[in-house]
Amino acid sequence: MLPAELARFGAERPWVLWLLPLALLPLVAAPRRRAAWADLAAVPPDPFSRALAGLLRAAGCLAVTGLVAGIAGPYRAGERVTRTGIGAEVSMLIDRSGSMNETFAGRQPSGAEESKAAASRRILGDFVGSRAHDLFAVTAFSTAPMLVLPMTDRHDAVRAAITAIDRPGLDYTNVGRGLAMALGQFGAASGDASRVLLLVSDGAAVIDPRVQDTLRAAFAKIRPNLYWLFLRTKGSPGIADRPAGEDTPQAAPERHLDLFFKSLRVPYRAFEAEGPEAVAAAIRQIESLERDPIPYVEVRPRRDLAGRAYGFAAFGLVLLVLAKLAEVDLARGRAGQGAARAPERRMAA
Amino acid sequence: MSEEPRTGADILYLPRWRARGNRLGAHRGRDAGGPGTFKDQVPFLREPDARRLDLRATLRDPFEGTYVRRFEARKAVEVWALIDLSASMRFRGTADRMALAGALCASLAASATRIGDGFGLIACDAAIREELFLPPTRSRAGAALAARRLAGAVPAGASAAGLVAAASRIAGRPKLVFLVSDYRWPAALIERVFAGLAFHDVVPVVLADPAEAEALPEWGLVELEDLEGAGTRLVLMRPALRRRWIAAEQERLAHLARLARRHGRAPFRLAERFDPAALSRHLLGA
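Residue numbers (this note's numbering), protein chains in the order written: chain B, 47 to 395; chain P, 37 to 322.
Think of the hints as simulated: they come from the structure by calculation, not from any bench. These numbers were taken from a predicted model, which means no experiment stands behind them. Check each hint, because a few of them may be wrong.
Claimed, not checked - With beta-carbon atoms standing in for the labels, derived distance ranges:
| # | chain 1 | residue 1 | chain 2 | residue 2 | range |
| --- | --- | --- | --- | --- | --- |
| 1 | P | Gly208 | B | Glu373 | 49 to 59 angstroms |
| 2 | P | Ala266 | B | Glu373 | 19 to 29 angstroms |
| 3 | P | Glu250 | B | Val367 | 26 to 36 angstroms |
| 4 | P | Ala135 | B | Ala372 | 26 to 36 angstroms |
| 5 | P | Glu250 | B | Glu373 | 16 to 26 angstroms |
| 6 | B | Arg54 | P | Pro275 | 14 to 24 angstroms |
Stated by the list, open to error - Sample of chain P residues with no beta-carbon within 10 angstroms of chain B, all distances over it, derived:
| # | residue |
| --- | --- |
| 7 | Arg64 |
| 8 | Ala189 |
| 9 | Val200 |
| 10 | Arg298 |
Cβ atoms here follow ideal geometry from the backbone N, Cα and C, with glycine treated the same way.
Let the hints inform the model, and build the full structure from the sequences given.
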C-alpha cells in the first residue's frame, strides 16, 4: 500500500532532488557565532538547552529539505478513488409536457401560486443536495425524450438541470421512449448499488405494446427501484380510478401505466401527490427507502506540493532566524569598558 | 613588545620559611651571621666575635659566662613562576589570560631580580615547554626577556599534566612558587600538582574572568566551543541557569581555595587586570 502511495508523488525537476543530502549540513555545522570557552565540563548540564540545540538542528534540516523539495516542484498526481458511501443511483425522468406548467389546480399560475414544474423543481433540488454520494441522471420527455444530464455526482450540475425543468413545456406525454432513455442512463457496471428510477409526471400515455416488450427486457436487465411521482391535478383521474366506460389504456392511461409497472416485477411504488406538500412527503419517503451502500468515484486533482514544502522551509527558517536574533556575545557588555581602561593603565605605568 | 614593560609597583613577598644557602639576599635566613635581625645569644666561646658582646647578658649570668649576640643572615630565595599553557588559557573574556599571566611574570621578574632573588620560569602544557624554560637567574634582563617570551606564547596543549614534571624539576631547597593557571584541570591533577609542590611555598594564582560567571548575560543563545577540543554546546541563557552557573563556578573556586589552603596559601584571584599592589597585600597576609 505504501509504495503505491509513494508512487503517486512526483517532481517537476527531479534532478534537483540530488541536492537533498545538503539537508545533512546542519548536523555538521551551524552558522552561529561561537564563543571560545575554557571548560565545557564546568558548564552546568541543561536538558532544555540540549533539546533546543536538537530542535534548531532539525529546523536547519527541515529548511534545507523544504527549499530543495520546493525548488524540485513536488506534486501528488491526480487520481480517481473508489469509495463506498450511502446513496443510490437515481435516474430522474421528468415530464415536460405543457400541463406541468399549470398549478395543481389545473390553472396557469398567478401571483403566489406555484406550477407543478416549479414545485417539483424546488423539492427535487433539495433532494439532490441532501446526500453527498448519490449519483443522478436527468432525462426529460414530452413528445420525444431529451437527455438532460448523464449519470453524475456533480450535484451542482444536477441542480442546474432540475432548475431548467420549469421552462415552458412542450406538447405530449410520450412516456415509453422516456422510460427507455432513463433506463439507458444507468451505467453498465455499477455493482450492487441501488438504482432508482424516479418518474415525475402529471399524466400518462399509452405505451405501444412493442415498446412495452423492450421496456420489460430493459427493466429485467437493470432491475431499478421504480418510483412514480404522479402529480395529480385536482379533479383529474387518479392512478387507481377505473374509468366509467370501457377500461382501455386509451380511456385511463394512468391506471394502465400503473398496471404495466406492477407487471414489471421490480420494486415499485407510486405516489400520488396533489400539492407541493404531498410531493415533498413522497420525496422524503423515497429518500428514506434508498439507503444502500454505493460505490462512488472521488476524483482527486493533481496537487502542487511546492507551497507546502516552502511552508515547511519557512517554518524552519523562522526558527533559525529567531535563534540568530537571540544570540548574545559573552564579553560584549565589557568590551567598551576594557577599551576605556587601556589608556588609564598606560598612564598609571 | 620592543618597549621595556615597566610595572608600576614591585610585588612584595615574604617567604614562609627561613632561607638557607650561601647567597646573600633580602630575606630572613635560618643561619646566623650578618647584619640581620637579632636571633639569639650564645657563649663567647661558640661565637668568638668581640664586636657583638652582649654586656647585659654577660653581667646577668651568675656563672660569669660571656655572651655574644647573633643576628640572622639575609638570604636570597628563588622565585619560580609555573605557568599553565593548556589551551584553556587562550580564553579571552574581558581580559586576555595570557596577557595577564605575562604581566604577572614581568612584574615578578622585575621584583625578584631587583632584590637579588633568582627568578625561574617553567611553562607547561602536557609536557614542559622547553623553549620557554628559564633557569633561575638574577639577571634582570634575562628574566624580563623570559617573561616577554611567555606573553607571546600560544597556549595549545590539551592538558596541564606537565606541571607534575615541572614540580619534580624544581625539587630541592624550598622555593617561592607562583602557580599560575585557570585551574580548569581534573581534580586528580590538581591534587597531584599540589602534592608535588608540597615542599615549596606555593602561591596559587587563579586566572578568572567575569565573563565566565558574573558577567554572563541573563538571556540569550550562546554557542560555546571548548578550547581544549571537547566540542561545542548550545546554551540558552536564562536567569535560572545563570544562577546555577554562577553557583557552580563559586563552588569550584571554593573547592580550589580549600585545597590550596590545605597546601599552604589561599589562592590569589587574578581577573580583568593585574594589580601588583593587590598581589602584595595578598602575599603579606593583609
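Going down the list of hints, with the structure as the test:
1. A C-beta distance of roughly 52 angstroms is found between Gly208 of chain P and Glu373 of chain B, which places it inside the suggested range of 49 to 59 angstroms.
2. Look at Ala266 of chain P against Glu373 of chain B: about 21 angstroms separates their beta carbons, and that is inside 19 to 29 angstroms.
3. Hint check: Glu250 of chain P to Val367 of chain B, Cβ distance near 31 angstroms, so the stated range 26 to 36 angstroms holds.
4. As the Cβ distance of Ala135 of chain P to Ala372 of chain B is approximately 31 angstroms, the hint placing it in 26 to 36 angstroms holds.
5. Distance hint check for Glu250 of chain P and Glu373 of chain B: the Cβ-Cβ separation is about 21 angstroms, which falls inside the suggested range of 16 to 26 angstroms.
6. Between Arg54 of chain B and Pro275 of chain P, the C-beta spacing of about 52 angstroms breaks the proposed range 14 to 24 angstroms.
7. With a least beta-carbon separation of about 32 angstroms from chain B, Arg64 of chain P lies farther than 10 angstroms from that chain, consistent with its non-interface assignment.
8. Under the 10 angstroms C-beta cut-off, the non-interface status given to Ala189 of chain P relative to chain B holds; the minimum distance is some 17 angstroms.
9. Against chain B, the non-interface label of Val200 of chain P holds: every CB pair exceeds 10 angstroms, the least being about 19 angstroms.
10. Against chain B, the non-interface label of Arg298 of chain P holds: every CB pair exceeds 10 angstroms, the least being about 22 angstroms.
In this structure, only the earlier hint numbered 6 is contradicted, and the remaining ones agree with it.
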